[in-house]
Structure formats: C-alpha cells, structure tokens
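Residues per chain, in single letters:
Number of protein chains: 2
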Amino acid sequence: MTSRPLRPDAEPVFVLVRPQMGENIGAAARAMWNFGLSRMRLVAPRDGWPNPRAVAMASGAGRVLEGATLHSDLPSALADRTRVYATTARPRDMTKPVYTPEAAARDMAERAGRGEPTAVIFGPERAGLENDDVVLANAIVTVDVNPAFPSLNVAQCVLLMAYEWRRATHRVTPVDEGLAGAAWATGAEIEHLARHYEERLEAAGYFWPEHRATSMKRALRNLWSRMPLTGEDVRLLHGILRQMVRWAGRGGRVEGGRADD
Amino acid sequence: MTSRPLRPDAEPVFVLVRPQMGENIGAAARAMWNFGLSRMRLVAPRDGWPNPRAVAMASGAGRVLEGATLHSDLPSALADRTRVYATTARPRDMTKPVYTPEAAARDMAERAGRGEPTAVIFGPERAGLENDDVVLANAIVTVDVNPAFPSLNVAQCVLLMAYEWRRATHRVTPVDEGLAGAAWATGAEIEHLARHYEERLEAAGYFWPEHRATSMKRALRNLWSRMPLTGEDVRLLHGILRQMVRWAGRGGRVEGGRADD
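Chains as they are written, first to last, in our numbering: chain A, 1 to 261; chain B, 1 to 261.
By construction, these hints were calculated from the structure, which means they are not laboratory data.
Each hint should be verified, as a subset may be incorrect.
Because identical chains cannot be distinguished in the list, a pair is counted as satisfied if it fits within a single copy or across any two copies.
Cross-link-like lysine to aspartate or glutamate pairs, in silico, EDC-like; alpha carbons within 16 Å at most [said to hold, decoys possible]:
no., residue 1, residue 2
1, K217, D47
2, K96, E177
3, K217, E202
4, K96, E130
5, K217, E198
6, K96, E232
7, K96, D176
8, K96, D132
Using the sequences and the hints, build the whole thing.
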C-alpha cells in the first residue's frame with residue numbers, strides 16, 4: 001500500500017448543513033475519522049453546539065468534533081473554499097455537473113493536490129440540502145441507489161464520501177495474494193507430490209480398472225496443478241499420505257499417536 | 001445509466017454471523033436495500049429472531065428482514081454457496097487472497113453473472129469473525145481504513161459492500177453535465193454575446209485607456225469562451241446588458257419595472 005501524502009490543510013472540509021440529531025453528527029465524525037478525515041464544519045445545528053449526544057456517539061473520533069467550527073450560514077462556512085461539492089439524493093432542476101462519489105473524490109483529490117481548498121456539503125436529515133444551498137456549490141454529487149429505497153442518512157452519505165476520498169488518495173492492491181509468510185509451491189514440489197501420490201496409490205490399487213489408470217493419473221495431476229498450493233500445503237499433503245501408508249502398514253490399527261513426517 | 005440485469009437468484013446473500021444488537025441488523029437491512037440487495041441470512045443472532053428492534057430500525061427495508069433466513073451455524077448458512085467472501089478488519093495469519101471491497105464486488109458480480117451462488121459474511125460487532133469462520137471463505141475482503149481508527153461497525157461494512165456491489169453491476173456516467181434541459185451555447189451565440197458586450201462597453205467608455213483596449217477585449221472574449229455557458233446563460237447575460245443600457249438611457253433613474261429583453 002502506498003499513499004500519496006497531501007499537506008494537512010489540503011484535506012477537504014465536510015460541512016454539515018443544519019444537522020438535526022446530535023447522534024448523526026457524532027456518527028458523521030466517526031465515518032470521517034475512519035477514513036482519516038478530520039475537518040468538520042457545522043452550519044446552524046438544530047440543537048446548538050456543543051452537543052453531548054454527538055460526543056457520546058463519536059467515541060474514538062472526538063477529535064473531529066473538538067476541531068469542528070460553527071457557522072451561522074453556509075456562505076460563511078464556505079468563505080475560504082474555491083471548490084464545493086453538494087451531496088443530493090434527488091435530481092435538481094439546475095444546470096450543474098453531477099458526479100458519482102468516486103468521480104467527485106478523484107476530482108477533489110486532484111484539486112487538493114494542487115492546493116485548492118475544497119469542501120463537501122451535506123444536508124439535514126429529512127429534506128436534504130435546499131436549492132439555495134446547492135446553487136453555492138460548483139458541482140453536485142449523487143450516490144446511485146435503489147430507486148425504490150433511496151434514503152441514505154447523513155452519516156451514511158458522509159461514510160461513502162470519506163471512503164471514496166481515501167480510495168482516491170491511497171493506492172491499495174486490489175487483490176493481495178495473502179500468502180501470510182508462505183510461498184507458492186514450485187514446479188519441483190508439485191512434481192514430487194504428484195509422484196508420491198501416484199506411487200502410493202498405485203500400490204494401494206487405486207488406479208483401477210487398468211484401462212482407466214492413465215486418465216485417473218491425469219485427473220490427479222490436473223488437480224495438483226490447478227490448486228493454488230503453497231509449499232506448506234504440499235508438505236501437509238505429503239504428511240497425510242505418509243500417515244495413511246503407515247496406518248495401512250499396521251493393518252489399519254491405531255497405535256500410538258500420529259506418525260511424524 | 002444502464003444496468004446489467006442479473007437473475008434475481010444470482011444476487012449474493014449477505015450473512016450476519018452472531019450479530020448482537022437488533023438495531024445493527026435493521027441498519028444492515030436498510031443498507032442492503034439502499035443498494036437493491038435483499039437476501040439476508042442470520043447465524044445465531046444473540047437476542048433471538050425475530051427481533052423487534054431490528055424491525056424498528058429497518059423501517060422501509062422490512063422486506064429484507066421478512067425474507068431473512070435463520071441458521072444455527074455458519075456452514076449451514078453457506079451450504080448452497082460456492083464462493084464466499086469474509087469481511088475482516090484485521091489481517092489474519094492465513095493464506096487466503098485479500099480483496100478490496102471494489103475488487104471483491106467485481107469478482108462477485110462476474111461470478112454471479114455466470115450463475116455462481118455467492119455470499120459475503122460479516123462478523124459480530126465487537127470482535128468480528130473468528131478464524132474458524134474465516135477459514136470457510138474462499139477470500140477475505142478488507143476495507144482500507146485509517147489505521148488510527150479502524151473500527152467500522154457491521155452496518156457500515158454492509159453499506160460499503162452493498163455500495164460496491166451496485167457499482168459493479170450498474171454503469172453510471174461518472175460526471176453528468178447536468179444540463180437540466182438546457183444546451184451549451186453555440187459558437188454563434190458566444191460570438192453574438194461577445195460583440196454585444198464589446199459594442200455597448202465601447203459606447204460606455206469601458207475600454208480605456210486606448211492602448212489597453214485590445215487586451216481588455218481579449219480578456220473578455222477569453223472569459224466568455226472559458227465559461228461553460230448554456231444558451232440560457234447567454235440570454236441572461238444579454239438581458240443584463242440591455243437593462244443597463246436602458247437604465248443609462250434614462251439617466252440612471254429607476255422608472256417602471258425591468259425592461260423586457
């Protein structure tokens with residue numbers, strides 16, 4: 001994982017406009033901090049500020065609330081910003097570019113990287129942003145949701161934008177092989193495994209009837225090569241076979257513990 | 001927006017393993033249904049099932065809970081699945097591929113499109129999935145979070161996976177120009193606007209001093225062409241100028257209302 005570090009003041013501010021429930025302000029703070037964002041601004045929160053319910057909900061992300069600034073209206077919260085994105089659920093009859101969260105985050109990250117001060121604004125719980133708020137933004141962000149159930153709450157919307165901000169600013173390998181210290185089995189290891197099984201299974205009378213022996217051996221070879229086996233896995237499979245051979249040698253009786261490899 | 005329809009039974013199932021709080025089950029149901037997913041399975045929920053708190057929280061997404069199936073253990077919840085993704089916050093010392101949510105959703109959508117029955121499993125609130133759960137999965141999904149504050153709750157994790165599922169199965173234009181019925185101004189409209197302003201501003205004595213007139217006109221031309229103006233915007237700018245000209249013609253006195261264009 002490599003990250004593209006930004007100057008701390010290049011981080012976007014997330015502006016909650018007229019938020020109603022303290023719990024949602026706290027949940028939004030958590031969602032921001034989950035993805036490394038910490039600059040929150042609050043415009044006219046319904047229940048005043050500070051809000052103890054917000055603090056209780058934010059547990060662990062209290063620093064976001066402590067650093068939050070309070071504003072009486074949206075223009076003052078955006079006074080130092082040059083690029084503003086308004087999150088809206090429903091389409092507005094307004095000529096303004098509409099971004100997906102991913103495209104908005106990429107655009108924002110590019111601009112932040114050039115030193116542009118950016119902001120994302122989020123509306124109150126029930127009705128969302130008013131058109132008079134949205135006209136202050138340079139662009140709209142809309143999450144593509146199930147049209148039959150489009151209601152995302154403000155903290156969920158903050159979570160998705162913060163998640164996309166992190167994706168736009170941190171490069172993560174999409175699929176990590178997750179070897180946990182192991183290494184893939186080499187060709188020689190697979191060959192040795194295949195021969196070991198062939199020899200022992202031949203002795204055990206597995207390749208029967210005779211005319212099917214070749215295709216049975218081929219199926220087994222194909223199984224070994226198709227599996228993503230590590231060297232560990234190969235040793236485990238050798239161990240299983242050795243134990244079965246010893247067990248057979250004792251006439252199928254259990255004696256003592258597991259035979260060591 | 002075009003969608004790639006899947007057979008309804010190709011939709012992944014989301015399995016909540018030993019969930020604790022009913023509220024979180026309800027919030028998970030909402031998050032699924034926000035992104036069009038409706039197949040939930042529950043393994044040994046702590047407070048039994050059905051759970052009135054889950055129903056209260058799920059408001060609007062009750063159909064997800066009504067359709068949820070109850071299982072006593074994880075293997076029985078996965079009995080009909082061929083591809084399983086385990087969501088984990090912390091790395092496990094286990095050889096297993098680790099996907100980002102986006103890569104997992106794409107992999108899942110491809111497989112679902114081929115008819116493979118898939119599942120995503122989510123652990124309980126406090127500790128997440130146990131290693132004995134994770135070994136049952138084909139792959140791990142980990143959200144890249146702020147290492148200083150990695151705690152995503154189960155409903156947030158469900159939200160991100162459901163969001164990525166929708167992104168993987170629905171194509172949305174990243175940036176829509178959002179013309180709201182308008183059309184971009186044509187070259188002729190911009191040329192006409194530029195000449196209108198040049199003529200009137202010439203008459204008003206704006207291009208002064210003389211030796212700067214050319215560069216001032218060029219700056220104005222560049223402004224018009226650099227702005228993403230619609231035909232509507234151009235008509236509005238003509239209207240402003242006409243009104244100022246009429247006002248000047250009255251010697252700067254307000255008389256009657258706005259002059260029509």
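Results of checking the hints against the structure:
no.	hint	in the structure
1	K217 - D47	neither (74 Å within a copy, 52 Å between copies)
2	K96 - E177	between (43 Å within a copy, 7 Å between copies)
3	K217 - E202	within (10 Å within a copy, 93 Å between copies)
4	K96 - E130	within (15 Å within a copy, 48 Å between copies)
5	K217 - E198	within (7 Å within a copy, 87 Å between copies)
6	K96 - E232	between (57 Å within a copy, 13 Å between copies)
7	K96 - D176	between (39 Å within a copy, 9 Å between copies)
8	K96 - D132	within (13 Å within a copy, 51 Å between copies)
Hint compliance for this structure: hint 1 is the single one not met.
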